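Fit chain B to the known structure of chain A by using the hints.
Chains as they are written, first to last, in the numbering used here: chain A, 198 to 491; chain B, 2 to 384.
Everything labelled a hint here was simulated from the structure, so no lab data went into it.
Not everything, but these chain A residues come out facing chain B in the computed CB check (under 7 Å): (1) Pro298; (2) Ser352; (3) Glu358; (4) Arg435; (5) Lys441; (6) Gly452; (7) Lys474.
Note that the structure is a prediction, hence the values are computed from the model and not measured. Glycine included, each C-beta is placed from N, C-alpha and C at the ideal position.
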Amino acid sequence: MAILIDKSTKVVVAGMTGKEGSFHTQQMIEYGTQVVAGVTPGKGGQELFGVPVFDTMHEAVERTGANASLVFVPAPFAADSVLEAEDAGIPLAVLITEGLPIQDSVRLVNRLNSNGSTRLVGGNCAGLITAGQCKMGIMPGYIFTPGPVGMVSRSGTLTYEVVWELTRAGLGQTTCVGIGGDPCPGTRFLDALEMFEADPETKAVVMIGEIGGTDEEAGAEFIKHGMTKPVVAFISGRTAPPGKRMGHAGAIVSGGLGTAQSKVDALLAAGAQVADKTSDVAGLMKDALSAVAV
Amino acid sequence: MKLHEYQSKELLERFGVVVPRGEVTSDPDEARRIAAGFGGKCVVKAQVLMGGRGKAGGVKLFESADDAATFTKELIGKRLVSIQNPAGMVVEKVLVGELVDIAEEYYLSVLLDRAEQRLVVMISKEGGMDIEEVAEKHPDAIVRLHVDPAWGVADFEVRDAVIRAGIPGPAQRQMVAMIKGLIKAYEESDADLVEINPVAWTPEGKLIAADAKVSIDDNALFRHADYEATKDDSADDPLEAEATRLGIAYVRLGGEIGVIGNGAGLVMCSLDEVSAAGGKAANFLDVGGGAGAERVKTCVELVLKDPNVKGLLINIFGGITRGDLVAEGILGAFEQLDVQVPVVARVEGTAADKALEMLAGSKIVGAQTMQEAAQKIVELTRG
Chain A
198 MAILIDKSTK
208 VVVAGMTGKE
218 GSFHTQQMIE
228 YGTQVVAGVT
238 PGKGGQELFG
248 VPVFDTMHEA
258 VERTGANASL
268 VFVPAPFAAD
278 SVLEAEDAGI
288 PLAVLITEGL
298 PIQDSVRLVN
308 RLNSNGSTRL
318 VGGNCAGLIT
328 AGQCKMGIMP
338 GYIFTPGPVG
348 MVSRSGTLTY
358 EVVWELTRAG
368 LGQTTCVGIG
378 GDPCPGTRFL
388 DALEMFEADP
398 ETKAVVMIGE
408 IGGTDEEAGA
418 EFIKHGMTKP
428 VVAFISGRTA
438 PPGKRMGHAG
448 AIVSGGLGTA
458 QSKVDALLAA
468 GAQVADKTSD
478 VAGLMKDALS
488 AVAV
Chain B
2 MKLHEYQSKE
12 LLERFGVVVP
22 RGEVTSDPDE
32 ARRIAAGFGG
42 KCVVKAQVLM
52 GGRGKAGGVK
62 LFESADDAAT
72 FTKELIGKRL
82 VSIQNPAGMV
92 VEKVLVGELV
102 DIAEEYYLSV
112 LLDRAEQRLV
122 VMISKEGGMD
132 IEEVAEKHPD
142 AIVRLHVDPA
152 WGVADFEVRD
162 AVIRAGIPGP
172 AQRQMVAMIK
182 GLIKAYEESD
192 ADLVEINPVA
202 WTPEGKLIAA
212 DAKVSIDDNA
222 LFRHADYEAT
232 KDDSADDPLE
242 AEATRLGIAY
252 VRLGGEIGVI
262 GNGAGLVMCS
272 LDEVSAAGGK
282 AANFLDVGGG
292 AGAERVKTCV
302 ELVLKDPNVK
312 GLLINIFGGI
322 TRGDLVAEGI
332 LGAFEQLDVQ
342 VPVVARVEGT
352 AADKALEMLA
362 GSKIVGAQTM
372 QEAAQKIVEL
382 TRG
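One chain only, chain A, in its complex shape (with noise of 0.2 Å):
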């Protein structure tokens, strides 16, 4: 069934009525994502491309059942909707907005980690979707197509940039995990590798990583000791200077920490391929997924 979204998910789309929420929640609907409910307090009764309006998260689970929640809520409140999520008993929250700040992504990952009850995406991600079933974030839908790879990736456009060539090298994809560029995700690399390698439909993970953190060596430790399927990585701003943030807030090398070759080696010794150019990911997947079925 893939990994954490599927044909079965019912979708509410918190800030529904903004400008993104509403040009999203249309494509997802397009894209044949069962999007049940939104939410925008004060708003509660109105209607959206035939989707019903509430006040509250409470009430859009009661009256839906909605059992993951994508929030296009601005900044300043973006951790109070994921948490209203949380409480709503929403196991899922995939959070698109960018610029949380750091004391509000710190509090929330802690909270949602230590109750257990709620995984949280992103935030600053493209969302998440599995190929033909459900798209619930804001990356173009066409591109993708079902099949057996499944991939994880901190930049929205660069997926894209992969996603595109695996498509048109007739390799398919199971699901997408955007993780986003900030420096205290809900959701790490380690994570999505877990629930790829736990997932009979998924037989080969890409990986694409970028400058600064230690969430791809992590993961590469994880690769080395608990992943059986192959994976193919790929590292981006390996010329990006130190001190210099590159866009996303996570993108900097500080300290010496986080420069991409040191997550290239932890790769490579881990036994993931890594290639140079976004354009050797579908070549490199291509073998790998023909060892597999020897």
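Frame of chain A, contents of chain B only:
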């Protein structure tokens, strides 16, 4: 957002951290008055947001108020240059502070530990040098104390950490208090870094923050209108400062090929490709999600303001961003700006076909892939 030393000290003082007496000024006569208040014995420190300011000649100790005034006069308006900041920065203000007698120098900082996803206090009895240097030479001399986001830290944990760091007995109580003040300052002011280096232990047995560095989380400025008002962007490159005002993610990199793309990861990857093709990127620029024609035009304009730019690479993978609108923006910029440098555009994804059609009749060179685009622009730029 980085704060100046004097602002950092004011902030920390509000949270109970002991800082040396001192005042900020840009007037030599004022400097004389402040220094006289300390009996002439003082330190004059240039207030510039760059590392290595001591080695650059921006910090000096004095025995007389007149000398402090003379030095202030020399410093104001002067450009200081350091290894960390080769372009240098002009001094607009100095901090005139009392001299602190130092028996020992320690180190303290609070920042996010990304691997642990919580705040960490770093404590070392090896202060006065860069913490990177300490980490390299004496890795055991840095003690890390994590802060529970719900509970904070218990006093005993702080005491344990201070003892493990080897801070001598008489300084321990004050060190514990300083650490608790630092954590509070970090949390309540939404900092992303608080650092005191050195923490001075005086012969009289006082623990003082002899220097201070605070940086506020840009994403949290909506909660702190007071800091935003004091924002000093003179540390930024002028084009970077302009980009910030326009809300564009732009980083100047010093090479000759301007790079524009959508999405931080894709742009970073484009920089790598330019380098792999043998070129040097002039900048990082992310147009952001869903950029329209006007926005793209503004971005092209900004990148071309850098006089080093000899060629322009545009790499768009349309998702929410529509290729045809990007093409419209590029063509609009060409019409208005009299662009003289070669431009290679690679547009893929949403409405890419239409974009390529629109660009076909122009001087813009097309490319199928990011790698091909990077090779083409490097070749064209070589002439």
